[in-house]
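Undergrad: Chains as they are written, first to last, in our numbering: chain H, 1 to 146; chain V, 1 to 452.
In short, the hints are calculated from the structure, not lab data.
Beta carbons: idealized from backbone N, C-alpha and C, even for Gly.
Fair warning: there could be bad hints in the mix.
Among chain H residues calculated to face chain V with C-beta under 7 Å, some are [claimed, not checked]:
(1) V85
(2) P93
(3) M118
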Amino acid sequence: MFVLAPGTTSRILRAVTHVSILCVLPLGIGACERRSNLLASSTSPETVLHAEWISPIQQFRPGPTTLHFRLKQTSGVALRGAKVVVEGNMTHPGMVPVYATAVETEPGRYIAKTELTMAGEWVFFLEATTPEGKLLNGSLNSTVAP
Amino acid sequence: MSVMAAGRFLKPLLFLLAIALIIHGLFGPQFAPKNLTTLFVWIHYRGLLVISILVFANLLCAGCPFVFARDLGRRFFTPRRLWPMKLRNKWIAIALFVLALFAYERFQLWGSPFYTALLILGFFIVILAIDLTFKGATFCKYICPVGQFNFLSSMLSPFEVKAKSAATCGSCKTYDCLKGNLQQRGCELKLFIPKKTGNFDCTFCMDCKRACPHDNVELAFTLPGRQLADDLSRSGLGRLWQRRDFTCLIIAFTFGGLLNAFAMVTPAHQFQKMIITNFIDTGSSLPLVILFLVFLLVAPLLLFAPTSWIARHTGRTQSMFHVMQIQRFLPALIPIGFGIWAAHYSFHFLTGALTFLPILWSSVLKFPAAPNVWAAIPMGVPITIVTPIQISLLLLACMVSVVIAHEIALQINPRRSRWLALPWQTVVILITAFAAWVFTLPMDMRGTFIGG
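This is chain H alone, in the form it adopts within the complex (with noise of 0.2 Å):
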């Protein structure tokens, strides 16, 4: 009868654990790469928000401040009526958000009244609702100097 010698097994289930244990790093990469792109397209075309800025942002500062944006819809029609909320995140984790509520001042173009409260880069994420009641997501990046 085939026997093994003392410690082999518990020699050879220690190997099988590291390999597999170094195997899961790739797969996990592999993973989350396919789940990023997922991420990526999850939004459907027809809910992302087109914004740009009207502000000239390399003027802002840490402090209140306004700020004037453009809004447009998929199709390219500026984006009429809507109520949207603006959140301001620090890339930086552990940062308080700034929240704010816009408001349209000529058709497409809304100003909202925030305070910055650091120097760094900032992501203002944009959520829309329209008359019709549909949802729509965007977002606006700035850098504001010390």
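Since the structure of chain H is already known, use the hints to place chain V on it.
TA: This is chain V only, laid out in the frame that chain H set:
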């Protein structure tokens, strides 16, 4: 709740949290402020780490999730090898500590949930690979960069694991606290309780207490920082100040803390931008390499060489070699080093302590966004209050460092102790002044924009 109970409760809890953070980091939203992995690891974990060390002890090593995974692994695999003698020092850990600091800046780890999750996963993989092969707490003692940070910092903790009665230890013949017994393992970091001094290398796992048949191990109050001036040979370590690896660890710890804080403010960005604009292409690591060399090599050299030379003359210790004097006085930098880390981490933790609530609400629990509610809730302490806290921490740390420097000088030359300590106290004050300048500068937060 005792530390034993805390450790037993914390380990599985933090293990589950670590698994959850890996999943959220890999599969959750990839915008750092909206991801629990980046938030908990870089803001809350580090904040709670310094607070627990300051008010209690090395609690996060006691509840380490990686050790929990290792212990699970050891139920199936018994390690048989011993860690090579040549590697029984802190050099690998120091290299990993500096590498971690560099990677943090270079790859903006705070801004990447994915890489942060991989980092946690990496810790699990490495501890399992090392500690299922080698006996004892090899990973904790010789590899773990976070552990070394905790070991150094906990030298300032107000609690210490020690023997209740030296006489009871004197009559002990079994040394279960070190060797363990059939029911309970002993100290895996090779700290023998009767000869253990201070908290360095102690994970507060309390294995020694569980193993002691005489119930002679306790968690006792100690004067924070007192152990830094000791010139005693420590169990499992020897005389700490005589060890070059310990000296380099202190330099990496103190000046790394300074660098890590400096990297958050505008002058650091301007310096890097200036190098990129004038000399090299965007994307190169050179500006960061230069910054690291300046902080971890040039600055210590420029500070310590003349200080040691002056102190030799003012303290009349001409017989003491320069390097020896530097090594002897460097433990005095640990309090200010810790003060810098504590001031930095407490800023992030205090200003954003509750910022995880909207993420839990919307991203994890999938409840509808409630911006009006979040706008009404204060999610952290205002910066106007946090900055004085930071400066107070720095000043307190500076005072402790100054006292420790004097304690060390007293041991070297009691007659000229004041004059011997003075140059080293000046170094402490210079470091404090630089740190205070950094912390009073407006922060210039960077991260990674979505889509690069």
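Undergrad: Evaluate each hint against the coordinates.
TA: Hint check:
1. V85: 5 Å, holds
2. P93: With a closest approach of 4 Å, the P93 (chain H) hint holds.
3. M118: 6 Å, holds
The structure meets every hint from the earlier list without exception.
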